[in-house]
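Colleague: Residue numbers (this note's numbering), protein chains in the order written: chain D, 1 to 133; chain V, 1 to 831.
For lysine to aspartate or glutamate, the following EDC-like pairs were computed, each having C-alpha atoms within a straight-line distance of at most 16 Å:
{"#": "1", "chain 1": "V", "residue 1": "K285", "chain 2": "V", "residue 2": "E220"}
{"#": "2", "chain 1": "V", "residue 1": "K570", "chain 2": "V", "residue 2": "D527"}
{"#": "3", "chain 1": "D", "residue 1": "K4", "chain 2": "V", "residue 2": "E361"}
{"#": "4", "chain 1": "V", "residue 1": "K550", "chain 2": "D", "residue 2": "D102"}
{"#": "5", "chain 1": "V", "residue 1": "K550", "chain 2": "D", "residue 2": "D107"}
{"#": "6", "chain 1": "V", "residue 1": "K550", "chain 2": "D", "residue 2": "E100"}
{"#": "7", "chain 1": "V", "residue 1": "K560", "chain 2": "D", "residue 2": "E59"}
{"#": "8", "chain 1": "D", "residue 1": "K68", "chain 2": "D", "residue 2": "E34"}
{"#": "9", "chain 1": "D", "residue 1": "K2", "chain 2": "V", "residue 2": "E361"}
To spell it out: a stretch of chain V is covered by chain D in this simulated footprint if at least three of its residues, at any positions, have a beta carbon under 8 Å from a beta carbon of chain D; those stretches are:
{"#": "10", "stretch": "398-404"}
{"#": "11", "stretch": "407-416"}
{"#": "12", "stretch": "555-561"}
{"#": "13", "stretch": "617-624"}
These are computed hints drawn from the structure, not numbers from a lab. Idealized CB from N, CA, C, for every residue including glycine.
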Amino acid sequence: MKPKLIIGIIAIVGFTSLLMYNFGNSISTYVNFEQAADMNNAHVVGSWDDSEEYGFSMESKQFVFHMKDEAGNVRRVVYPQSKPNNFEQADRLVVIGSMEGDVFYADEMLMKCPSKYNNADEAQFEKANAGNS
Amino acid sequence: MIKFFGELFVNAAFLFAILAAIGYFLYARSEEDRYFKISNWLFGLQGIFLLAASGLLVYIILTHQFNFYYVYNYTSSDLQLKYLISAFWGGQEGSFMLWVLFSILIGLGLMKWTREAYRGPVLFFLTLTHIFILSMVSGIPLGDATLGASPFRTLAEAMPNAPFLQSNPDFVPQDGKGLNDLLKSPWMMIHPPILFLGFSMMAVPYCFAMAALWKRKYNEWVGPALPWTLGANVALLTAIFLGGYWAYVTLSFGGYWAWDPVENASFVPWLLGTAGIHTMIIQRKSSTSQKASIIFAILAYVAIVYETFLTRSGILSDASVHSFVDLGLYNQLVIFMLAVTGIGLGLFFYRYKELPRQNKESKLLSREFMTFAGAMMLFLIGLVIILGTSSPIIGRLFVENPTPPEVSFYNDWTMPMAMMTAILTVFGQYLFWKRQDAESLARDLTLPVALTCVVTLASIIIGEVRNIYYMVYLLTAWFALIGNAIIMIRLIGKNPMLIGGALSHVGFGVLLLGILASSAYNNHLLDPATRQYNAAIKSGNVTDEQGFRKTQTVDFLELKLNEPKVVNDKYRVTYEGYTLKDQARPGQQEYRIKFEPADGEGRQFTLNPQVYPMLASSSAQNIEWSVDPDVRTGLLSDIYLYVSGSSYVQQKNEEAEERARQRRQVEPAAASLQDSAKTHKIEIARGETASVGPFDFTLKEYSQETDESLQDSTVIAVRANIEVTQRGSDSSASVYPLFSIYQKDGKNWSYAPPTGIPGHSGTVQFSSVDPSTGKVELTIRGVDKEVQEQWVLLVAEEKPFISIVWLGTFLLMGGFSISIFRHWGRERKKG
Chain D
1 MKPKLIIGII AIVGFTSLLM YNFGNSISTY VNFEQAADMN NAHVVGSWDD
51 SEEYGFSMES KQFVFHMKDE AGNVRRVVYP QSKPNNFEQA DRLVVIGSME
101 GDVFYADEML MKCPSKYNNA DEAQFEKANA GNS
Chain V
1 MIKFFGELFV NAAFLFAILA AIGYFLYARS EEDRYFKISN WLFGLQGIFL
51 LAASGLLVYI ILTHQFNFYY VYNYTSSDLQ LKYLISAFWG GQEGSFMLWV
101 LFSILIGLGL MKWTREAYRG PVLFFLTLTH IFILSMVSGI PLGDATLGAS
151 PFRTLAEAMP NAPFLQSNPD FVPQDGKGLN DLLKSPWMMI HPPILFLGFS
201 MMAVPYCFAM AALWKRKYNE WVGPALPWTL GANVALLTAI FLGGYWAYVT
251 LSFGGYWAWD PVENASFVPW LLGTAGIHTM IIQRKSSTSQ KASIIFAILA
301 YVAIVYETFL TRSGILSDAS VHSFVDLGLY NQLVIFMLAV TGIGLGLFFY
351 RYKELPRQNK ESKLLSREFM TFAGAMMLFL IGLVIILGTS SPIIGRLFVE
401 NPTPPEVSFY NDWTMPMAMM TAILTVFGQY LFWKRQDAES LARDLTLPVA
451 LTCVVTLASI IIGEVRNIYY MVYLLTAWFA LIGNAIIMIR LIGKNPMLIG
501 GALSHVGFGV LLLGILASSA YNNHLLDPAT RQYNAAIKSG NVTDEQGFRK
551 TQTVDFLELK LNEPKVVNDK YRVTYEGYTL KDQARPGQQE YRIKFEPADG
601 EGRQFTLNPQ VYPMLASSSA QNIEWSVDPD VRTGLLSDIY LYVSGSSYVQ
651 QKNEEAEERA RQRRQVEPAA ASLQDSAKTH KIEIARGETA SVGPFDFTLK
701 EYSQETDESL QDSTVIAVRA NIEVTQRGSD SSASVYPLFS IYQKDGKNWS
751 YAPPTGIPGH SGTVQFSSVD PSTGKVELTI RGVDKEVQEQ WVLLVAEEKP
801 FISIVWLGTF LLMGGFSISI FRHWGRERKK G
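So here's chain V without its partners, still in its complex pose (with noise of 0.2 Å):
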């Protein structure tokens, strides 16, 4: 029923879509009211078929029904709601209906504020895109292939060939394969619709320029086309941060980005869409570049769809940590592609000829070259990246089959780059407002110039900076932030809504700075014998048995339970035991790993990293451990760390081993086994504490038992309240073993079954009672006596000015926000 339902729904959508399209084109060409009036009830249609199916996904997550594949493939029955709300867009169906819903909101925006030669084009090329991704979703058998993946398709649809399908059609599952424990993260409520939303926002610049090459109004389209490109590019680095920050907080892979494949995917767009402001914000003031603002108006959102197949049509699964699988959507995707880009540069070139052309050139000190230069600039980088990206398909012309370009690639080229933009920054700002030639520039430039050359000194002097490359990276950073800065600060006191664009720039200088010291300068937090060891190791002194050097270095720090090491010479860290947190996830340890100063002075602190078994892929013999890193955040410095092993790890997994070991022998060879485990007596007396191997024992108390189960012949019962508690662990348990004396035949017996400990394999028996001195006598069994170390292997990072990253982030997210409101308000008043 549901299943009718959902997938009447979605299709009902996707005709909508097309039929709205339809009567887009032909008020596009008519112009004719009624036209538009029909469309936009057929648009509004699609929307609550639309909403209507995802309601109806929403419901079959929350209620588990596991037959379907997609509420299976990415739900569980234990999942807390905020993370089976963000189901609905954790798969790759639900995503595609998140990004039209987002775009359908959108597109009732643009019906009401568009003004009336753009509206008809615009609402018609956003219909279109709308057509495409709705196929995605659709499921409509056409012939052996299907029109895309219905969310609504059952397991039996979607996994024809699973053995325990073919043998019970009907199957349900108990329990779904759950939410991937990387992503039961409150990140993963967030991050994933921002960058949607800036998905489908990137789509407005690009049906504007649709229209004004549709209606042959090449000028006036930038106006309303600009807050929303503003507006999807503040959505892009926001989504983009959020990613970064959730990578480095969360994950292990100890940094903020990494040049992945998906994050890419987000970064190139809103480079060409930053490319497309710049080039717009020409064309407004000074009606030049109108070919530029199209194409990269155009090639914006061609980079949305095209990072889109990358990702999702599985061409990356090889070269990327989480890029989606093939859903067979490969052939879709590449026509939403085709289509995009053969649309748009279609009827640019169809159009090439009529396009304005300037007649006369720019010099070169004018803030139209500047700007200009400062978008291509933005542009080269963003194809370097795609490139970069690309190299599965690309690099085929160099080797079959290619491996991912080494890390460096980016690094190399982009780096340079984006140094250049940093200076084209600071003479577009000093052009932007102000008419100047050379002499009056180099005068105004005199302040700026000098105070970067002393702050830059400044930097390489304190940072001890020896690199030459670096020392033209910060004098170039610190060029865009000061000169910025400077005009900033004049602006403020003219009209502080202009200053949204000096303070991205501002922002971006900041974050060129943050990069380079959060990247140059990152250091292993490591013990002094490490550090030697590998410092000898990068002179080339270390030679293993067979007379090779050894390059590889060791960035692990081993603590022992309370022993302090020195790190760095900076800090005295201390591993004091761990916690059990069975309430967050189950089996997660809590360690707490101290901070003190070295010399003393200072505050300490205390990181709290976690390990945890992920119970999706685990098993009683095979337990897959994940981290949660820990990150103490400061404004100079972080502290970074994760529990790479630990002695509890350890022990959980020997057992693991044993269980399987278990498994595969007769069972007799498990039975000799527990026969000959140790064996311990303890006698206690109430409120004393006595250890064996990695326990202690506290007696708190014992008293008569009076339980009516007990046999009627029994004479004396007591039962023991015993605290055991492992060493390190400031989780405890208790036991209440009992001991009792029952009468059979005339004569005395004693019943005392052992009682388990908790999470262990042994077993504690009140063996026998004292009566005159009132000590109990434990026997323990199953563990071992001797006293296991207690360690902690950490990777440790000292991560210095991430703060400034996140601050030039922040600066670029405001410096658009103002442009927004700047740009919004004017075109408001126009209309």
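For reference, chain D alone in the conformation it holds in the complex (with noise of 0.2 Å):
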């Protein structure tokens, strides 16, 4: 009785404190472009910068555009999907990638918009659905 009660707790305690580790490994917190020089897979928030060139090129397949994250730093953005397709009215965007010098590479594009008339301040992050270039 004795021995087993003890592998029992044990794995219990190994299996969860393994499971938390592994948890708190694999998500992160949002951060800016600053901060998301040295990361993998970083979660950058922002707003699309619209004064500056943006669109798919078909030369290169790739969506590129600029950011502005919120400490303010403007950075190009490159997805390599079709243009999401409600792109323009989504007031944030969270762009999942990783820095390569002064470039954002997404993999990922999550668009926050905003949705009228509405008294809670209701808003909703859409996935970068397939949209058309």
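Both chains are sitting in their own frames, so use the hints and assemble them into the complex.
Modeller: Here is the structure:
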């Protein structure tokens, strides 16, 4: 009885701590471009900088735009998909990927679109669905 | 009027739910039959009022009463009937009502079939959940706040800050916002109702477990609870399958599973329910695991309520693709969750000392131990997924403002656990039907182990598996499949009704094989140049202008009209043009992508992906496009593709941008633009075709016009019938330009107004006719002479063995269904 109990407790504690440790590693917090410099899979929050040229290039097959993060840094963002379909409407963007020099390569993009005329501050992120260039 | 009755009916149902709960409580305590009868009437009245309220909600949806927020927010007048009906459960409020409606049906069944000691408490706890859920749609004002959100609230109540309502409170919009285009799918008809059926059925094991604790009858409850739990599981599994299939064939996520919180929301209760089924089965057979059965029955429902909270409180709105927004129900959902958990676990620990405990420990090699271990594995998988899904809450322990976990977190944890579960299924089944010691078990397992090794080796060689983790995975999956299949074949000979468990486990093995094959061998279909480029990226040989290494591959396939490309050395793919399909969704294009085998052997086929403008969020100045993929399903592999861009879409976007520019600028600029538009003259005879820019003009015929609306002085009037076809499109339009000569002041004047080309800004003018040759001169304006290339940009993937995933799911459903019949039949015989 005793040794079994001890093994059981060790197994539970081991499993739980390993799980929580791994969970802690696999989540991160939302950052700005400077903090993202040496991160993999960084989640950067910001908004689209519409003063710069943007668009999907048929040559490189990439969607390129500039994003201003919450600290005010503006960086070029390269996204290897077509332009998400409600890109222009989004008032907040989350790009997930990594920095290479001054360019952010996004693997995934989430958009938060404002919904009009609602008393509650409701807004929703949408995964960048396949849109059209 | 409708508003008054709607709210009255909802709140009457709410009130009768409370009264019925009180009645059942008294019945459960006193066991006097009259309380039971009265409570049943109250319960039934609750159902009638809720049905009436639902009828009214459907009525205002069908009659387009846009002064109601619910109708305005989820429907529009052009919506087809099937989507209008689906709008009933399209929003949060309606889906709560549907949930309770199903639950009431289940309650009627429980009333009829549940035996004496349990039926009072069972119905009491079921009605208790109705009180909580109905409070979400009550809409009774409580001081500053409102209890729930009524589906019958008006626009002015729902959006007091909207400017158009502040100026005119009685304003009724012409049209509603409409159903999200992505939800306009036949699956919307069937997926949500089945899901809520599963949710409401999962309350039954919870109620039985609570009844067992209340009545201190800890053993007999599993018999009647088992078929209900199995039924809940089949419903949830069906809903999960439909959701996955829907995501796969009509949304462009590119797969059937993405660990999205909403998907997890139905998967975790399924896992816990399945764990509960396992412990209930061994409890019924050997009177062990009473505690585990009760705990799993409680937790399965707690999981449903918890995941309802996660997806409906708005807490996940940052993390999920499709969770609901907060309706102000946050606090009520928290109370519901705390009540279900608190009452459940509270009563469990209150009775804990009394609960039967095992005197003897189960041996390692016993069906009790193996089945229990399997249930524990399912439970742990559920815990891992709950942990991941809860990252916005639990993640705060680690970081502020946490992101959702990486997908690898789910895969890295659940897959090894699924592998262990796969091994346990075989041991469990071999021990389940026969008492065995180590020696006899080893003898029995020789055949499955040998077969598994051979088949695994074969699949490693055929599938060119190099990854050691995949090899172990394959071994376990084949072991589950083969081991359980052998058991199943033996059982069929004895009694086919007994194969439910073995069949489900075979399905589980098949599912595991399908998951690996479909995700590990997923291939983008690309032309040789792109594949070379991607190979260079992978080996790190591509750098950008600043000398940084590029890491992103290109996964697009670009096709020019009628210029075939060979992809993956397997298919010759040709873009053959598109058709405008206005009747399905205005502006929808259907593309034709032809696939031929590259080596010329085998059948060719055509895929028809669609692109359509999302009308709800588009304007003349800015069009938002959405896509509808097409999938060719095959036994061995699927071909999945969607259109990511095309020359047609680009042209439409440029036209929209042009309109936006014209709007911003002053009008004259636009006028001068019109003047400088290019003019082309063509001469064609009857039956001939001439091309200008992207258009082909065919003169079908021309004839004398005798229309009376022409001026009296008209000498001659000729109307031509010209067919205009845009290259690449097979839909054509006809224009009928007029050429006429009339007399005024003794002179001949010609009158030939330019006629617009449908769907384009250019015009056609019938400028003259040559009587000697019969040729017609057309003047074309506003059409670019330069032929724009017709192209399409595709994302195309070859997805092998998706069919195996579906097969595994069907086998699981089949196994569970057989078990329902078996356990139901046995319960009925008892009664």
